[in-house]
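Protein chains: 2
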Amino acid sequence: MIELRQATEVDFSQIWLIFHEIITVGATYAIERDTDEVGAKSIWMETPQETWVAIEGDEILGTYYIKPNKAGGGAHVCNCGYMVKSSAQGRGIASSMCEQSQVRAVELGFRAMQFNFVLVSNTKAIGLWLKFGFEQVGRLPEAFEHPTEGFVDALIMFKNLT
Amino acid sequence: MIELRQATEVDFSQIWLIFHEIITVGATYAIERDTDEVGAKSIWMETPQETWVAIEGDEILGTYYIKPNKAGGGAHVCNCGYMVKSSAQGRGIASSMCEQSQVRAVELGFRAMQFNFVLVSNTKAIGLWLKFGFEQVGRLPEAFEHPTEGFVDALIMFKNLT
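If you read the protein sequences in the order shown, they are chains A and B. Under the working numbering, residues 33 to 194 are what the first sequence spells out, in order. Under the working numbering, residues 33 to 194 are what the second sequence spells out, in order.
Incorrect hints may appear among the rest.
Here are the computed distance ranges between Cβ atoms for each label pair [to be verified]:
#: 1; chain 1: B; residue 1: V138; chain 2: A; residue 2: E139; range: 41 to 47 Å
#: 2; chain 1: B; residue 1: F164; chain 2: A; residue 2: G122; range: 42 to 48 Å
#: 3; chain 1: A; residue 1: G141; chain 2: B; residue 2: E53; range: 26 to 32 Å
Covered stretches of chain B, going by a simulated chain A footprint (3 or more residues, C-beta under 8 Å) [as the list claims (entries may be wrong)]:
#: 4; stretch: 60 to 66
#: 5; stretch: 106 to 114
#: 6; stretch: 165 to 173
#: 7; stretch: 176 to 183
Because the hints were derived from the structure by calculation, they are not lab data. All C-beta atoms in this analysis are idealised placements derived from N, C-alpha and C, irrespective of residue type, glycine included.
Use the sequences and the hints to build the structure in full.
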């Protein structure tokens, strides 16, 4: 049974494996491909407001963060990032995390959720966000240099939670 | 005569006055309205790749920063932020800085420039960016809580520099 709970300090060693696997490929996130553990912890656990994990027994299968997307007058809109272990793909974990993160966002007082950089090449993610009612509110031309597909556009997706 | 040059450490005391004036009002930037000097220095001088000032004699009338908008595969698109001292408004300083920042962006190897959060209430800025050939590529619904106008939309504006 897969459970969602907030990440603790000791979870980071497993989160790092997932993060490192995804960032090294560099096909989905605009994060330096050689980010080390210290950088990863800052990005995924220290900068965000909260970090969550999807866990089965002792194994972390996925993780997400939630944070204000902007400061000051923009702090009522949150941003989340999701990562799923490659060996756990296809089990609906991203879907479960996205659903729960929207509930959590409302609990934390956010009014909307924004994804800043969804690559058009990441069709699986786009399909999922659309299913959850996110709308495309922007498109950044050739904003990402994909490791195999060259320059690809990135979408900005937005969902009102109120 | 107004000159544009890179900011030095000692310029920060004057940059802080401009930053503080603008951020306290909180009507244009999604930055915490009570940001202190340490935070301001981090945002405007330490995090960016470069910081520039528009200076007349010994007086700094405006300032801008330039930095990669995203890391990794997104690092070829830059982001700039501009601030002009209220007493120096209307003298074309934002315009001069925007023009020069595009030249500088190309020198630094950037292929495009993106503004992530241009409030629809900031009509002066929008007019200027459109004049310079920036295009609206996105619109974030009610993404900013304006101090007097309530929730306002923010535009994402983009210009290819190649």
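Tested hints:
Hint check: B/V138 to A/E139, Cβ distance near 46 Å, so the stated range 41 to 47 Å holds. A hinted range of 42 to 48 Å holds for the C-beta pair B/F164 and A/G122, which are about 46 Å apart. Range check, A/G141 to B/E53: about 29 Å between beta-carbon atoms, so the 26 to 32 Å window is met. Counting residues of the stretch 60 to 66 of chain B whose beta-carbon sits less than 8 Å from any beta-carbon of chain A gives 5, enough to reach three: the coverage restraint holds.
Coverage of a stretch by a chain is defined here by at least three residues with a beta carbon nearer than 8 Å to that chain's beta carbons; for the stretch 106 to 114 of chain B and chain A the count is 4, and the condition holds. Against chain A, the stretch 165 to 173 of chain B contributes 5 residues with a C-beta closer than 8 Å to a partner C-beta. That satisfies the three-residue criterion, and the hint holds. Counting residues of the stretch 176 to 183 of chain B whose beta carbon lies closer than 8 Å to any beta carbon of chain A gives 4, which reaches the threshold of three, so the coverage claim holds.
Of the hints listed earlier, there is not a single one the structure fails to meet.
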